[in-house]
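Chemist: Spelled out, the chains give:
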Amino acid sequence: MSAGQLLVGVLFTTSLGLFAAVEIASRREGSRVPSLGDVCGVVMRYRVGPLPVGRIAMFGFWWWLGWHFLAR
Amino acid sequence: MDRPELAAEVDRAWARPVVLTPVFALISLVGGASPSFGLRANLLVLATGGVLFWLGMSAAVHRRPSPPRLSRRAAWWLLPLLLFGVVEGATFLNGSQAYPTLSRLADPVLEHYWARSAAYFGWLWAFWAMIRR
Numbered sequence: 001m002s003a004g005q006l007l008v009g010v011l012f013t014t015s016l017g018l019f020a021a022v023e024i025a026s027r028r029e030g031s032r033v034p035s036l037g038d039v040c041g042v043v044m045r046y047r048v049g050p051l052p053v054g055r056i057a058m059f060g061f062w063w064w065l066g067w068h069f070l071a072r
Numbered sequence: 001m002d003r004p005e006l007a008a009e010v011d012r013a014w015a016r017p018v019v020l021t022p023v024f025a026l027i028s029l030v031g032g033a034s035p036s037f038g039l040r041a042n043l044l045v046l047a048t049g050g051v052l053f054w055l056g057m058s059a060a061v062h063r064r065p066s067p068p069r070l071s072r073r074a075a076w077w078l079l080p081l082l083l084f085g086v087v088e089g090a091t092f093l094n095g096s097q098a099y100p101t102l103s104r105l106a107d108p109v110l111e112h113y114w115a116r117s118a119a120y121f122g123w124l125w126a127f128w129a130m131i132r133r
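First to last, the protein sequences are chains A and B.
Just so we're aligned, residue 1 is where the first sequence starts under this note's numbering, counting upward by one.
Just so we're aligned, residue 1 is where the second sequence starts under this note's numbering, counting upward by one.
Just so you know, the hints here were simulated from the structure itself, not pulled from any lab data.
Treat the hints with care, as some may be off.
These stretches of chain B come out as covered by chain A in the derived footprint (C-beta under 8 Å, 3 or more residues) [to be verified]:
no.	stretch
1	10–20
2	24–30
3	98–111
4	116–130
Heads up, the beta-carbon is just placed ideally off N, CA and C, and yes, glycines get one too.
Looking at chain A on its own, in the form it has when it is part of the complex (with noise of 0.2 Å):
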């Protein structure tokens, strides 16, 4: 593995870390950060007259992204 490489996955590492140390963040009592779960059903309602653009998206993007990663 290359040092370039190795700089791009520490930082994707580094990201991924991120995203679980928010929501860690966001279960503690009291917390006022919201959780993914709650962020992902905010956008999700997101709606352009009838037709729920949010949701949508949202699973447009992660049916893509299985497509991409396992059968790609």
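Please arrange chain B on chain A, whose structure you already have, making use of the hints.
Modeler: Chain B in isolation, oriented as in the chain A frame:
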């Protein structure tokens, strides 16, 4: 006497973890054995993703309540999100193997059966968690 305000919404039998865990595990075990770019891998992701997408758009699954709006503290989520976005964007634009994108870094790991199955399992459960919102 009926007290609807006290009635807890109960998941349908098929939507309980005791049912979903073995179903997701079975799909993951099959998916883990499906090599990239193969017809089986594509069909499995399209079919499972399609069913979960449809369930998420329908009223078949009981949804958990979400807060009416986000507090300012929600901005903490921008920290990991921006770091991830900047690194992914920079490596994508760079386009070289010396600074690989996340998918290029993950490719050699996902070639292993158990790692691929575990990723499948996580993807399915995360999809389910979104459907519940």
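Chemist: Run every hint past the structure and note whether it holds.
Modeler: Tested hints:
Counting residues of the stretch 10–20 of chain B whose CB lies closer than 8 Å to any CB of chain A gives 0, which falls below the minimum of 3, so the coverage claim is violated. Against chain A, the stretch 24–30 of chain B contributes 0 residues with a C-beta closer than 8 Å to a partner C-beta. That does not satisfy the three-residue criterion, and the hint is violated. With 8 residues having a beta carbon nearer than 8 Å to a beta carbon of chain A, the stretch 98–111 of chain B meets the requirement of three or more and the stated coverage holds. Coverage of the stretch 116–130 of chain B by chain A holds [criterion: at least 3 residues with CB-CB distance below 8 Å; count 8].
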